[in-house]
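Visitor: Each chain is listed here by its residues.
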Amino acid sequence: GAGVSQSPRYKVAKRGQDVALRCDPISGHVSLFWYQQALGQGPEFLTYFQNEAQLDKSGLPSDRFFAERPEGSVSTLKIQRTQQEDSAVYLCASSFREGGTEAFFGQGTRLTVV
Amino acid sequence: GENVEQHPSTLSVQEGDSAVIKCTYSDSASNYFPWYKQELGKRPQLIIDIRSNVGEKKDQRIAVTLNKTAKHFSLHITETQPEDSAVYFCAASMGGAQKLVFGQGTRLTINP
Chain A
1 GAGVSQSPRY KVAKRGQDVA LRCDPISGHV SLFWYQQALG QGPEFLTYFQ NEAQLDKSGL
61 PSDRFFAERP EGSVSTLKIQ RTQQEDSAVY LCASSFREGG TEAFFGQGTR LTVV
Chain B
1001 GENVEQHPST LSVQEGDSAV IKCTYSDSAS NYFPWYKQEL GKRPQLIIDI RSNVGEKKDQ
1061 RIAVTLNKTA KHFSLHITET QPEDSAVYFC AASMGGAQKL VFGQGTRLTI NP
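Those sequence lines, one after another, are chains A and B. Read the first sequence against our numbering and you will find it ends at 114, with the numbers running on by one and no gaps. Read the second sequence against our numbering and you will find it ends at 1112, with the numbers running on by one and no gaps.
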């Protein structure tokens, strides 16, 4: 596709509900990143995939957060038992090869937990 | 781990004047420093980047300088225009670690 695509754009979840956020990276991009951006803050790293391998998940805030990229293309970020502090914009980015090259961001999914 | 500090948090300049945003980083192993522009409700977009083997890079009205010894880098925008109004983020990365560590952002407002 023309760019990184994320869905849904907006998600409202009741506290305790599970959510799944989808990222379609640019075709052929090896690296895929998830970031969390709180209101008025810079993006914060959550996790990184190289193809289907999850090489770094050090930024995931708790075991309620889980990410996968089973075929090395589309990725899903899942949040179980959502809490209000999970409210943020979740950004996905992809790059052609490993770090040090331009990361292209999607428009993000704005998650609001009520 | 890496920490990136960005200043100022807000910046207001007259159209046509220059704007400078500064960042410092903590990890001397960082070797890639991109700058992103984010308009309200939109995705961050790369505007310029610099690698540690270069001291300065220019692209039309935008330039970035890097001082590896002092571990700081700066974004310079000349002849500012209203469409330059946005939030700007600096970031740092160690190639082997892949992830970007972002600064807190600078909200730049260009006054006509």
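Because the hints were derived from the structure by calculation, they are not lab data. For clarity, every value in this text was computed on a predicted model and none was experimentally measured. Yeah, the Cβ is synthetic: ideal placement off N, Cα and C, and Gly gets one too. Among the clues, some could well be false.
To be verified - Partner residues aside, some chain B positions facing chain A, computed with beta carbon under 10 Å:
hint, residue
1, Val1020
2, Tyr1032
3, Lys1042
4, Arg1043
5, Thr1069
6, Ala1070
7, Gly1103
8, Gly1105
Visitor: Are the hints correct? Go through all of them and say.
Guide: Structure-based check of each hint:
| no. | hint | verdict |
| --- | --- | --- |
| 1 | Val1020 | violated (18 Å) |
| 2 | Tyr1032 | holds (5 Å) |
| 3 | Lys1042 | holds (7 Å) |
| 4 | Arg1043 | holds (4 Å) |
| 5 | Thr1069 | violated (21 Å) |
| 6 | Ala1070 | violated (21 Å) |
| 7 | Gly1103 | holds (6 Å) |
| 8 | Gly1105 | holds (5 Å) |
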